[in-house]
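Asks: In order, the protein sequences belong to chains A and B.
The first sequence lines up with residues 103 to 502 when you count with my numbering.
The second sequence lines up with residues 103 to 502 when you count with my numbering.
No lab work stands behind these hints, which were simulated from the structure alone.
From a predicted model like this one, the values you see are computed outputs, not experimental measurements.
A virtual CB, placed ideally from N, CA and C, is assigned to each residue, including glycine.
Careful, some of the hints might be misleading.
Cβ pair distances, simulated, as ranges [as the list claims (entries may be wrong)]:
no.: 1; chain 1: A; residue 1: Arg-128; chain 2: B; residue 2: Ala-312; range: 48 to 56 angstroms
no.: 2; chain 1: A; residue 1: Asp-219; chain 2: B; residue 2: Thr-390; range: 34 to 42 angstroms
no.: 3; chain 1: A; residue 1: Ala-309; chain 2: B; residue 2: Glu-479; range: 38 to 46 angstroms
no.: 4; chain 1: A; residue 1: Gly-478; chain 2: B; residue 2: Thr-348; range: 52 to 60 angstroms
no.: 5; chain 1: B; residue 1: Thr-390; chain 2: A; residue 2: Ser-388; range: 15 to 23 angstroms
no.: 6; chain 1: B; residue 1: Ala-458; chain 2: A; residue 2: Ala-312; range: 42 to 50 angstroms
no.: 7; chain 1: B; residue 1: Thr-157; chain 2: A; residue 2: Ala-312; range: 33 to 41 angstroms
If you only want the chain B side, here are some residues facing chain A, beta carbon under 7 angstroms, derived [stated by the list, open to error]:
no.: 8; residue: Asn-149
no.: 9; residue: Gly-181
no.: 10; residue: Thr-407
no.: 11; residue: Phe-410
no.: 12; residue: Ala-421
no.: 13; residue: Gly-449
no.: 14; residue: Ala-498
2 protein chains.
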Amino acid sequence: MMDATIHPVPGVRLGVAAAGIRYQGRDDLVLMTLPADATVGAVFTRNAFCAAPVTVAREHLAQAAPRGLLINAGNANAGTGAPGRQAADRCCELAAAACGCEQEQILPFSTGVIGEDLPTAPFAAAMPALVADLAEDNWPRAARAIMTTDTVAKLASRRLDIDGVAVIVTGMSKGSGMIHPDMATMLAFVATDVAISADLLQSCLQAAVADSFNAITVDGDTSTNDACVLMASGASGVTIESADSTAGQALFAAVADVCAELARAIVDDGEGATKRVTVAVSGAASATEARQVADTVALSPLVKTALFAADPNWGRILAAVGRAGVEELDVERVRIWLDQVLIVSGGGRDPGYTEAAGQAVMDQHAFSIRIDLGRGEASSRLLTCDLSYDYIKINAEYRS
Amino acid sequence: MMDATIHPVPGVRLGVAAAGIRYQGRDDLVLMTLPADATVGAVFTRNAFCAAPVTVAREHLAQAAPRGLLINAGNANAGTGAPGRQAADRCCELAAAACGCEQEQILPFSTGVIGEDLPTAPFAAAMPALVADLAEDNWPRAARAIMTTDTVAKLASRRLDIDGVAVIVTGMSKGSGMIHPDMATMLAFVATDVAISADLLQSCLQAAVADSFNAITVDGDTSTNDACVLMASGASGVTIESADSTAGQALFAAVADVCAELARAIVDDGEGATKRVTVAVSGAASATEARQVADTVALSPLVKTALFAADPNWGRILAAVGRAGVEELDVERVRIWLDQVLIVSGGGRDPGYTEAAGQAVMDQHAFSIRIDLGRGEASSRLLTCDLSYDYIKINAEYRS
Chain A
103 MMDATIHPVP GVRLGVAAAG IRYQGRDDLV LMTLPADATV GAVFTRNAFC AAPVTVAREH
163 LAQAAPRGLL INAGNANAGT GAPGRQAADR CCELAAAACG CEQEQILPFS TGVIGEDLPT
223 APFAAAMPAL VADLAEDNWP RAARAIMTTD TVAKLASRRL DIDGVAVIVT GMSKGSGMIH
283 PDMATMLAFV ATDVAISADL LQSCLQAAVA DSFNAITVDG DTSTNDACVL MASGASGVTI
343 ESADSTAGQA LFAAVADVCA ELARAIVDDG EGATKRVTVA VSGAASATEA RQVADTVALS
403 PLVKTALFAA DPNWGRILAA VGRAGVEELD VERVRIWLDQ VLIVSGGGRD PGYTEAAGQA
463 VMDQHAFSIR IDLGRGEASS RLLTCDLSYD YIKINAEYRS
Chain B
103 MMDATIHPVP GVRLGVAAAG IRYQGRDDLV LMTLPADATV GAVFTRNAFC AAPVTVAREH
163 LAQAAPRGLL INAGNANAGT GAPGRQAADR CCELAAAACG CEQEQILPFS TGVIGEDLPT
223 APFAAAMPAL VADLAEDNWP RAARAIMTTD TVAKLASRRL DIDGVAVIVT GMSKGSGMIH
283 PDMATMLAFV ATDVAISADL LQSCLQAAVA DSFNAITVDG DTSTNDACVL MASGASGVTI
343 ESADSTAGQA LFAAVADVCA ELARAIVDDG EGATKRVTVA VSGAASATEA RQVADTVALS
403 PLVKTALFAA DPNWGRILAA VGRAGVEELD VERVRIWLDQ VLIVSGGGRD PGYTEAAGQA
463 VMDQHAFSIR IDLGRGEASS RLLTCDLSYD YIKINAEYRS
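Whenever a hint applies, use it, and build me the whole structure from the sequences.
Replies: Quick look at the structure:
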């Protein structure tokens with residue numbers, strides 16, 4: 103991604119440092135600061151074993167208006183019990199002292215290996231450098247600093263015109279294990295310079311996440327540390343009063359767009375991924391049913407290995423649809439396409455299907471598996487990737 | 103498995119032939135015949151896209167007492183629509199003519215690639231040889247003939263004494279993709295020479311399957327062709343009147359035992375598998391909840407790749423438990439062991455845990471992941487295997 107396309111967000115500053123928490127010789131710590139009147143929305147993992155920083159961030163959000171976000175890579179501070187909580191608290195205390203705010207105004211985020219105690223001394227040592235580094239144009243460096251198994255930094259940015267005023271939406275994300283998200287995988291931070299109430303900002307975030315990050319964590323899966331934060335600095339002077347206003351619609355669309363781009367980047371950087379595949383289910387009796395079929399197909403190791411082999415082995419797609427748990431599915435009405443190529447109809451291979459046509463679709467880097475269940479009007483759409491040797495390599499050797 | 107331990111089942115004969123349906127130069131077709139007063143129980147896939155032979159076998163079972171089972175490897179006759187149904191009917195017609203029984207007394211089974219039309223000419227051509235080959239001691243050859251990606255034939259046999267009479271329970275199975283069963287994966291055929299009503303035999307089969315074949319198909323997953331059949335020839339002269347009688351208990355135990363051994367053999371021969379791991383969940387509030395947690399852990403690609411690496415990366419187990427969807431899980435009460443080694447307590451790593459102790463367990467070929475949720479009395483147990491490079495290789499190259 104070209105750094106040139108990443109617009110700083112007025113009012114939002116980022117500091118980056120190499121704290122040596124786990125990695126040596128690279129940046130691994132980010133501090134983001136917000137103006138006093140900024141608003142923040144956030145969504146977190148639903149994992150019961152959520153990490154200490156997630157617990158702390160949730161509590162702090164309920165207590166005070168955030169002024170700072172502290173993000174470290176290399177250690178997830180998850181599965182760390184009471185000492186983990188103490189470490190997260192201590193990190194907030196350090197950042198608050200450095201920023202001149204209350205401890206409750208800091209939101210902590212961690213990503214990396216689970217189950218290892220998080221040392222806080224590196225945070226204390228790095229804090230002066232972090233604060234000295236604060237600047238609005240540090241997004242690209244920050245995006246690199248939060249990477250773990252990611253192979254590319256993930257950034258997206260939009261400049262929109264609202265009533266003649268330029269408004270910015272810029273975000274970064276990290277995450278590379280998307281098949282089942284890795285231990286402490288997905289973080290995303292998106293900022294804008296509009297003024298907007300925290301409630302409205304939260305709606306904006308939830309709408310954007312539903313069709314982006316929640317449509318790549320393919321089983322509603324959530325790691326111990328997943329979090330997505332949307333910040334609004336207010337610095338543009340543009341105020342968003344409602345979601346339905348022209349300005350509100352423009353902002354919501356831009357946030358959704360940035361989230362979708364960041365989510366796609368995670369799939370493209372999926373561990374070992376060589377393909378990016380949209381699984382689109384239509385004609386379902388309910389949204390739940392549509393998602394259930396999309397999940398089953400998108401998660402199937404047999405479908406995923408066929409994607410890796412670029413093998414139009416449609417029998418695996420059909421078998422996955424058949425076992426997705428749809429009650430009284432009439433297989434005669436199910437149709438399955440690869441892009442525009444109809445492969446299944448009437449309970450089996452469509453008479454017009456040719457292997458050559460299927461192969462041509464599968465040979466692409468990105469394509470769609472479309473499934474119409476012929477039962478109703480509901481639909482669902484997920485992004486998935488293939489399952490390759492490199493997925494095994496990355497995950498069998500992650501700690502080595 | 104030593105052929106010497108496989109006892110023929112009086113009254114049950116098997117014929118084997120090389121029909122060249124897909125494979126060349128190897129046996130691929132089996133006919134099993136039963137006496138007129140035999141009883142049969144069966145369980146089938148719940149996949150909505152079930153194969154034509156499954157539909158036909160279900161119908162025939164409801165219509166008549168089976169006299170013959172016809173099993174082919176290499177082509178699953180699944181996803182084949184109306185022509186697939188015609189092919190399955192034609193195979194039954196051929197076998198019925200050869201056996202001198204009605205078409206409805208033949209049960210067809212197919213395993214192999216999905217979505218290719220099943221040619222019936224090879225069946226017609228092979229039928230005389232198949233019938234000429236019928237013999238009670240052909241179990242080992244039959245077990246080899248039904249293999250697809252299996253690397254070993256799977257057989258189990260017990261001789262028990264019921265009131266001074268020797269009674270036999272012998273079975274064979276095939277299946278090598280167990281993680282998500284391959285397209286048309288799991289078939290098992292078990293026979294005994296007791297006399298028993300079809301209803302009681304069906305209960306016996308269902309009890310045995312619940313703790314064997316259904317405890318390895320780790321998400322309740324079923325391929326398009328899965329089937330397990332239990333036959334009773336009555337030839338021993340021993341009659342089983344009830345499940346509670348001494349004789350009934352002995353028979354049920356032997357059938358369960360044979361099914362468990364055949365199921366273990368499938369996991370051991372799992373595609374690319376190098377480990378056989380029991381996931382045992384206890385302390386759950388309900389059996390559904392216990393199974394849900396066991397499924398999530400046993401299916402997790404991250405857990406499975408850690409198993410392959412023999413890496414005691416317990417954070418992945420903890421994360422899988424946390425995302426299994428258990429409502430209001432108190433993570434403080436969850437305990438996780440590798441065999442007898444306690445790894446997680448109090449929401450994180452147990453203070454007494456050492457990496458060396460965890461490593462020693464993981465270095466074994468077979469071991470247990472035990473999870474106590476601390477919420478109730480329900481439990482569940484699954485067998486799983488690791489996810490290796492060879493799984494990818496086998497499934498990315500299956501059709502090549």
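Asks: Now tell me if each hint is right for this structure.
Replies: Hints and how they fare:
About 52 angstroms separates the C-beta atoms of A:Arg-128 and B:Ala-312, a value consistent with the hinted range of 48 to 56 angstroms. Under the hint 34 to 42 angstroms, the C-beta atoms of A:Asp-219 and B:Thr-390, about 36 angstroms apart, fit the expected range. The hinted window of 38 to 46 angstroms between A:Ala-309 and B:Glu-479 holds, with their beta carbons roughly 43 angstroms apart. Distance hint check: the CB atoms of A:Gly-478 and B:Thr-348 are about 54 angstroms apart, consistent with the given range 52 to 60 angstroms.
Our hint of 15 to 23 angstroms for B:Thr-390 and A:Ser-388 holds, since their Cβ atoms are close to 21 angstroms apart. Checking the proposed 42 to 50 angstroms range against B:Ala-458 and A:Ala-312 shows it holds: the Cβ atoms sit about 45 angstroms from each other. Hint check: B:Thr-157 to A:Ala-312, Cβ distance near 39 angstroms, so the stated range 33 to 41 angstroms holds. The beta carbon of B:Asn-149 is positioned within 7 angstroms of a beta carbon in chain A (closest approach about 4 angstroms), and the interface hint is therefore held.
Proximity of B:Gly-181 to chain A holds as hinted, the smallest CB-CB distance being about 5 angstroms (cut-off 7 angstroms). Residue-level restraint check for B:Thr-407 holds (minimum Cβ-Cβ distance to chain A is 4 angstroms; threshold 7 angstroms). A distance limit of 7 angstroms between C-beta atoms decides the matter here; for B:Phe-410 the minimum to chain A is near 5 angstroms, and the interface restraint holds. Using the Cβ-Cβ criterion of 7 angstroms, the hint placing B:Ala-421 at the interface with chain A is satisfied: the shortest such distance is roughly 5 angstroms.
Evaluation of the B:Gly-449 hint against chain A yields a held restraint, the C-beta minimum of about 5 angstroms falling below 7 angstroms. With a least beta-carbon distance of about 4 angstroms to chain A, the hint placing B:Ala-498 at the interface is held under the 7 angstroms criterion.
The earlier numbered hints are all upheld by this structure, with none contradicted.
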